[in-house]
Amino acid sequence: MAYNDSYDNHPNASGEERPFVFSGGRKEPPRYEPERPQGYAPRAAYPEPSRYAGGQGYDDPYAAPARGQGYGDRYGSYAGQAGYGRYGEQGGRAYDPYGARAPQDPYGRDARPAYGDRYADPYADPYAEPYAGDARDGYGQGYEEPQPEPAYEPEQPRGYAFKVRNLTKDYDGNVVLNNISFDIPAGKIVGLLGPNGCGKTTLIKILSGLIHDYTGMIKIGGKPVGIASKASVAYLPDRTYFPERFRTIDCIDYFADFFKDFDKIKAIEFASRFGLDLHQRVKTMSKGMQEKLQLLVVMSRAADIYLLDEPLGGVDPAARGVILDIIMSNYKENATVVLSTHQVNDLEHSFDHVLMLGHGQVLVNTGIQTLRSTGKSVEDIFKEVIGDAWEVE
Amino acid sequence: MLGKLSKTSLKATFHSVYNIYIAMAVIGAIMLVMLVVDWTKWGDTGVGVGYLIKIVASAALCITAGIGVLMTFVAVFSEFRRNLYGNEGYLTLSLPVRSSTLMLSKWLSASFWVILSYLALVGCAFGSFIYIVKHSMNEYASTYDLILQLVDQLSYSSGVVTPSINVILNLAAMYAFDGAVRACVFVLIVFFAITLSHCRPFSRRGKVGTLIYALGALFGVYVFAGIITKLVKIYIVVSDTHYTVTLSEYQVQQAWKLGFGAYSVTNLYCTIIAAIFLFMVCCVLLDRKVNAD
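Protein sequence lines correspond, in order, to chains L and V.
According to the numbering used here, numbering within the first sequence proceeds without interruption in unit steps and concludes at 393.
According to the numbering used here, numbering within the second sequence proceeds without interruption in unit steps and concludes at 293.
Isolated chain V, as found in the complex:
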C-alpha cells in the first residue's frame, strides 16, 4: 500500500511541478546551442551579444531552479492539504490503510521532490558557473591555486594543517546530507501544522493558523535541538578515508589541527527525533481528530 500511495503522491506533485523542469530543460538547451554558435562570425569578440545571452540564460536557469524549489514546496504542501483534507480527502481517508502509511507516503513523496528541486538548483548554479567561466577556466584554476597557497600559509603559521580535498568533499557531503534531512524535517513540520489546523479547536484560524502552527513547531524543534546540543555534544570526525564518532571536544580540536574535519551531529539527531515525534503526533491526529471538511 505504501508503494501505491507514494506513487500516487509522486504523480500528483509531478503534475504541479513538471512545467518548471520543462522550463529548465528549455533554458539548458538554449545554453547548449549558445555554446556551439560561433559569435565571432558576427563580429562578437567575446563580450558582446553572445556573451550577454549566455549570462542572461545562466541567470534565468538559476532563477528558474530557485523558483522550482519554491514551487515544489508549495506543490507538496497544497497537494498534502488537498489530498487529505480537501475534497480528495473523502477518497483518501476512506481507503483501508493505516494513517502512518498514508502520512509516510506523503512525506516520502514530498521529500523526494524537495530534494530533487534542491539538487536541480545546485546543479543549475554549478553548471551556470562552469558555463560562464568555461573560456577562462585556466585563469580561475590559477586563482584557486593561489587561494589554496594562501590558506596553507595561514594554516602553517597558526599550526593547523590544511584539510585535503577529500576531507573537504567528505565534509561537504555531510553538510549536504544535513541540509537534505533538515529540508525533509521542514516538510514534516509543515505537514504537522496543516494537520493540526484541521483539528478542532485549531481549525478556527484557517490558513493563518497553519502558518502560526508551522512557525511554532519549527521554533519548538530548533529550541529542543539547541538545548540538547548544549548539553550533549556528539561529533563526527571526518578524515580522508573514514568517519569517527566522538564525544570529546579535545579530539575535535586535534582533528582540525591534523588536517581532518569535524562535524557536530547532535543538533541533527535531535531534529530527527523531534521529526519522528511530530510524525507520530500527525498519525494520531489523523486517526482521532482530523475531519474531512
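Chain L extracted, bound-state conformation:
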C-alpha cells in the first residue's frame, strides 16, 4: 500500500496536500458577501501592512471586520474550506504576516496564530482572495492579480500532536501494537480506523496515560505522557466512567475542579440542550444519556487534543448525528481530534487525516486528500487495507 506517509516527510510538512474540502458535520458560518463595486482592488494590493493589523484604521467600506487572525486566517480558511488553491491550509499561515501581530481583537478574541484550516471566517470577504490565480475549481478565474505576490514565507512544518516511536504493547504475549512509529499533525481531525482488536483503544489509552507498561517513546504536543499531557488531552473512553452516585451537576463540577480549560457554563448549557436533568444520578440514566453526559463534559473542555474512543459505538443512527454534531461544533479551534471508530462510513467525511491500524502495524497514515486522490472512498480503502492485513498468510 502506498498510503503510508513517512513521518519525516509528511505531506502537511511539504505543503503539497490539498486542503480539506468542507463536507458535512462541521460548522458552516454564514458568509459575508458584499456587493462588489467596480474598480475594487484586492486587499493584497494595499501597500501598508501595518494598517491591517487587527483592522485598525482600515477604512475600506467593504472590509470584513478585523479579527485577531488577520488575513492569513481569512485566506487560509477560505482556501482551506473551498479548496481554492495550493495555499490551502498552509497558506493561512504563510500569508499571515500581520494577523498574528494584531494587538487587540475588537471582537474580544485573543490574537492567535492563523492556521485557517478549520473554519471559514464568517466575516471574510470572498472577493478578497488575492491568490485566486491558482484556483483549481474556477473560483476567481478571470480575476486578475494586479500585484505580484507578497514575499512568500517559507512554510514552517506544522507541529505534531503526537510523535510515536517504536511503540510496542502486548497483553500477556499477545502483541497488539508491534513497534509502530508515526506522527499525527496538530490541528487535524484524525480518523483512527481499524477492525476490532487492532489496538485502537489500546493506543488511545496509552496516549491518555491509562496504560503504562509499553515500550517506546511517545510525545504529546512535545511532552511525554504525564501530568502536563493529561492537562491538555480530553479523553472520552468507550465506557461509562462516572461513578453511579454522581448527578449530572456533580460530573460537571468534577471536571470544573480538575481541568482548568473546562467551561462549566457551556457544560450546563449542553446539559440543558440535551435534556439532561442536572440532579439526575448517573445510575438512573440510560446508556445513551450517560454517553451524552460524558461527551458534553469532554467537549466542554478547551483541550489541545481530544481523544474520542468509539464515540458512535453502540448508539442508534439518530443519536449518531447528534453526537457527531456535538463533536464537530464544539472542539477548540486548532485542536487535534482523534476519533477512533470502525464505522468508517459515518465519519469519513469529517476526517482530515487517517491512521489505520491492523495486524499490530500502522497500515495507513496520511491526509484524507491523498487517500481521495486515489479515487476511492475511505471506506473502500479501509476494506482493501484491512482485508489485506487480516488475510491469513
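Simulated from the structure, these hints should not be mistaken for lab results.
Each hint should be verified, as a subset may be incorrect.
Listed below are the simulated DSSO-like cross-link pairs for lysine-lysine, each with C-alpha atoms no more than 27 Å apart in a straight line [as the list claims (entries may be wrong)]:
1. L:K223 <-> V:K289
2. V:K207 <-> L:K264
3. V:K207 <-> L:K260
4. L:K266 <-> V:K4
5. V:K4 <-> L:K260
6. V:K289 <-> L:K264
7. L:K283 <-> V:K207
8. V:K289 <-> L:K163
Dock chain V against the given chain L, drawing on the hints supplied.
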C-alpha cells in the same frame, strides 16, 4: 488537588457506609427512649422486658458498630479498586494529578473512615457498658476501688508503685495512637496489594492474588519491624505530666517501679517506615506499571 481528591473519596466512601451509621443512630435513639420509659408501671421490677430490651439494644449497637468497622474496610478497599482500577479509573487516571497526590488522597480518606469506625465501635462499647450498669453504678465503683486496693497491695509487696490514673490514661492514649497508626498502615498494605495485583505479571491471580499479596506485605512489614525491634529498642516513658524518649532498658525498669509507664515505639516506627516505603512503591507502580482495565 489533594483536597478535591480527598473530598471526592470521602464522599464516595460515605455513600457506602452511611447506612451503618444511620442504623447505629436509630439503635442509640431506641436506647435513649428506653431510658425515659418507666417500666415499673407495667410491673417490671428491673430485670423484666425493659431490661431485656436494653440488653438487646446495647448488644445490637455494639454488633452494628463492629459490622461498621468491617463494612468500612470493605468500602474503602472496594472504593480504591473501583476508583483507580475499575471503570472509574478511566476518569481518575486521566486527571492531571501526580500519582502520589492520588494515592495520598485515597489513603487519607480511607484512614479517616477507618479511624472513625474504630471510634464509633469504642464509643458504642463504652456507651453500652455505661448504659447497662447505669442503675448499679455505685456497686461497680466500689468494685473498681476494691480492685485498685488489691493492685496496690500487690505492687507494694513487689516493690512497685501503682501507676496513677493519669499515667494509665496517657498510656491508653499511646496505645490508641498505636492502634490507629497500625490501622492506617494496614489500609496502605491492602492498597499496595490491590495496586500490585493490577500490574503484570501479578494481575493473573485476580482477587486471590490480592489477598496473597496483602498477607505477604503484612508479613513482610511485621517481620521487618520485629527484626529491627530486636536490634534497637526505643521507649517512651510516660509520667503524669510528660513523655520521655529513652534507649535504656534500665530506665524503663526504674520507671515502672516509680509508678510511671513505658511504651516501646521501635515497632511502631518501623511499621511507619515500611508503610512509607510501600506508599512510594504504590506511586511508582501507578506511574509506570498499572493499567486501567
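Going through the hints against the structure:
1. For the given pair, K223 (chain L) sits about 19 Å from K289 (chain V) by alpha-carbon distance, which is consistent with the 27 Å threshold.
2. Proposed proximity of K207 (chain V) and K264 (chain L) is contradicted: the alpha carbons are some 39 Å apart, above 27 Å.
3. Restraint check: the Cα-Cα separation between K207 (chain V) and K260 (chain L) comes to about 37 Å, which exceeds 27 Å; the hinted pair is violated.
4. Between K266 (chain L) and K4 (chain V) the alpha-carbon distance is near 22 Å, which keeps this suggested pair within the 27 Å criterion.
5. For the suggested pair K4 (chain V) and K260 (chain L), the alpha carbons sit about 14 Å apart, so the restraint of at most 27 Å is met.
6. As the CA atoms of K289 (chain V) and K264 (chain L) are separated by approximately 34 Å, the hinted pair breaks the 27 Å bound.
7. Of the supplied pair hints, the one linking K283 (chain L) and K207 (chain V) holds, its CA atoms being roughly 26 Å apart against a limit of 27 Å.
8. Taken as a hint, the K289 (chain V) and K163 (chain L) pair is honoured in the structure, with Cα atoms around 21 Å apart against an allowance of 27 Å.
Hint compliance for this structure: hints 2, 3 and 6 are not met, and every other hint is.
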